[in-house]
Amino acid sequence: MPSSVYLCLSRAVFLVCFVNPLIMQGLSEDVNEIQDHHHHQQKENLTGLPIVTFRWHHVQTPYLVIIWVFVAGLAKLSVVELSHHVTSVFPESGLLIMLGFVLGGIVWGADMAQTFKLIPPTFFYYLLPQIILDASYFMPNKLFFSNLGAILIYAIFGTCWNAATVGLSLWGCYEAGVMGDLDIGLLQFLLFGSLIAAVDPVAVIAVFEEVHVNEVLFILVFGESLLNDGVTVVLYNVFDAFVSLGGPRIDAAEIFKGIFSFVVVAFGGSFLGIVFAILLSLLTRCTKHIQIIEAGFIFVVGYLSYLTAEMLSLSAILSITFCGICCQKYVNANMDEKSVTTVRHAMKLLANGSETMIFLFLGITAIDTEIWVWNTGFILLTLLFVFIYRIIGTFLFTWMLNKFRLVPIEVIDQVVMSYGGLRGAVAYGLAAMLDEDKIPEKNLMISTTLIVVYFTVILQGITMKPLVQWLKVKRAAHSDLKLIEKLNNRAFDHILAAVEDICGRIGDNWWTRGWNRFEENYISWLLMKSKARKNRDYLFNIFHKLNLEDAINYVSEGERQGSLAFSRSDEAANVDFKKQFGSEFADVMPNIMVDVSNYELGIEHFSVTSIVKDTIPSVSLDIHGQDRKNAMDDINAHHLLQQHLYRSRKNHRHKYSRSHFSINQNEDEVQEIFQRTMRSRLESFKSAKMGVNPAKKITKHHKKELMHKMSNGHTDSTGHLYEDEVDRAVGREAGAINSTFMRDMYTMGAGIENPVFLPDMDSPAHSPPWLMETEAVAPSQRAQRRLPWTPNRLRRLAPMRISTCSTDSFLMADVSLTLEEHDEQPQTDSEEMRPVFD
Amino acid sequence: MGSTNSTLLKIPNVEVLMQETGFSPAHIIRLHDRFKALDKEGRGHLCPQDFGAIKELAMNPIGDRIIGAFFSPGKETVDFDTFVKILAHFRPVDKDRPKELNSPEPINSRSNKLRFAFQLYDQDKDGKISRDELLQVLRAMLGMQVTEEQLESVADRTIQEADLDRDDAISFEEFRKSLEKINIDNLMSIRFLR
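So the protein sequences, as listed, match chains A and B.
Residues in the first sequence are numbered consecutively from 1, following full-length UniProt numbering.
Residues in the second sequence are numbered consecutively from 1, following full-length UniProt numbering.
Hints are supplied without guarantee of correctness; some may be wrong.
If you want a taste of the chain A side facing chain B, the calculated C-beta under 7 Å gives, among others [unchecked claim]:
1. Tyr454
2. Phe455
3. Leu459
4. Ile462
5. Lys465
6. Glu485
7. Asn488
8. His494
9. Ala498
10. Glu500
Listed next, the in silico SDA-like pairs over lysine to any residue satisfying Cα-Cα at most 25 Å (straight line) [said to hold, decoys possible]:
11. B/Lys181 / A/Phe144
12. A/Lys329 / A/Met464
13. A/Lys474 / B/Arg191
Chain B regions said to be covered by chain A (calculated; three or more residues, Cβ under 8 Å) [said to hold, decoys possible]:
14. 20-29
15. 45-59
16. 73-82
17. 123-129
18. 155-164
In short, the hints are calculated from the structure, not lab data.
A virtual CB, placed ideally from N, CA and C, is assigned to each residue, including glycine.
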């Protein structure tokens, strides 16, 4: 690993070194001059047709841009691939900044001047929008809006507090003479305070994503950082206007206008964003036939909302934020599933890319002799005040909020919140935008801002993780998606609403419910496709998603093994069962134990030891009469599975089309499955009729026995359902054998009830599981009663796994189980057994 | 202050009630006012009809179940004590309350909150959420948007997720385990006005 990292790094550095002379040449000389020169040269020297010419300045700008993008990509790669000792301590953002120092050093060394730096227009127009759009588009809306009050308080009042206190304190210290002779007035200090006030979303996301704090804390910090950017830009503009107005001309009216403009700019921006979100949602209602580009609309309209707000001098950041937050639900529902995926990936790509660029260039920018103006008092005091007032502000506003919050914000969380006040590129961008004519000490402000950014991103970023661990901050619970959780969340909402009604108070839940009803009745009706509205129920979508996941896992696992024989060593299975079931479920044990021990006796012939090992002797005794038949069943089941396992034909069609992906491959599969099923039906029908297969009688007998033995009988009813289904499809005669197999699997709790492997796949209406995105639900929902692939359901599969044997990869996927135990077992076991089946 | 005390004095056993539920006197008075407002005929107890008169509650898909939770089996009325005790389930958990070793579990504890939710499903009170019971709740909550077959498969899947002993029903223990990762304190608490 490290060698590849160094390779990457050296490659990146080499690349920069190599490209730089060209760049220097391009930039340092006057472009016109070169062009003239070039033309001149060409005319003069044109003695024959040149085969190739070197035309650097033709491509100069895009070439430079793309080279830097490429370098940023390599930088990210090298940072991520760096050994884990480093990445576990340093946050990625800090590392990128430091790598930026190095790259900047190289550029400076080659150039003896600062050639590249982050300039505000690039940052605000090309790098920032997609990051904000990404953050808002993936905002967990429910969490965000349920904490909106707190977020707004922090974002608006917290930012104003920071700006005012930092500005005023610095001014106070300046007046006290700590900073020596500087040309800064009170207004300039306030302006500086406002640009340094805001917590930066880019830095916050970068650091907090790595520490996994609990979701409420995350949404508070994150939401605050997102919204206060808008606020800080507005504040900055207001103070900037004040500064240009000049001190003496500011009276009460101007101040009032400033406050008013603050409100208009902030809320106007948000409103504009909502308007664009509505537009976007309406647009995606009718993009059905241009599916391939509909994903692009999200980016275009989002960016439009940003630019429009900028044009109207409203808050662009707030505009794009609310555009993303408001449109996500409708856009996701309206668009095709593939487009949704496209948007998701493209969004992440853009945001991640620009984030990398930003941090890298924040580092590169530092290597410049011009901007560095050192004033110890100013810089150190700024650092101190920024840090201290953030803490004071957080505790102050949290104290006020906690009086009203249902679940108060804990002290530990407050510490993390105040410590997470990372400043970032927005502050730098604003500082770089300062007008040198009005603010003589611009460079001091820029260098101070940079130092604050480096200090917070690198130092606080590094110490954040240890702090979170040391304080034992509640972490985010990593959990799988669970239907029962979602179901109960819904139930809890209803319960709370009802209890509030009973208590007779109009509370949060009343508002939420009112909004939900309004949203469902009117807004969804307006903004959502009717089809999307119909099958949109959240719970059902979760269910659908889980099903898809299962199906994918199931199929890919089966394919990986070459067959769908999930197996593992029975030794391990035994151990596993006992562990998981424990004695409390002893009543279900017999069934499983029967199967397990059957297998042991029937195939492996080491009956004595296994019986001795078996803790339930009564069951073991039962077995002796049956082991032969069971072995037969197992073999048959194995063949059945193999027959029905669809392997796609290898004729992939590579039809090129700009507007479509591959054209309905599903039809092929359906056709194939249909044919195979019919063929196998025919065969089994024949064999049954001719009496070729003697298994029929035996299996029937076996079936009865089994049924008899199933004393608790809770699966009986479903067993019948199976039988019905199969009989209907195949006919009684031929169905006997199949249904026995099925019952066998089922009653054992054996779990292969995925419809793909059931023989009743005759009509297209009975679609296989991979077609489940269509509106019709997969045919045998009863078959899904026990889905095969959920970790806690794995034991349902166990008997099946034992009876058909191959290696244990299914279980391997489920690492949490007893991995070590299987590690040695499977190979030997399966090798021994294979001949039996082949 | 005088009026507060006189209202409090009218409520029997108010000290014990406050001790048990953790409500402050202001809470109790507010709830008592509400109780009287619901009890239109002034009988001193509430009937299911009184709850039914709350308009929003009638629109709540599982409103009738929640009303049902106020009435212990076989009883047609609920008095103020029970009323307050049931509502106390929804008080936020107070962290700084000193833990006494021998004190009974407070009504608003996590498992009691869960127990309340559980019994909304478990209508036949056999300690298990059967498939049918779950299906009824699902039907109420998902409503028209989903077909009956889809509902069934959702119900099956849900049971399957939680069902550890494979009896096709969710016992309270299983229910509790399956919701282990959910922050019940947040989701099952409301802010009572003082």
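Self-check item: Unmet hints by their number, sorted upward, for this structure
Solution: 1, 2, 3, 4, 5, 12, 14, 16, 17
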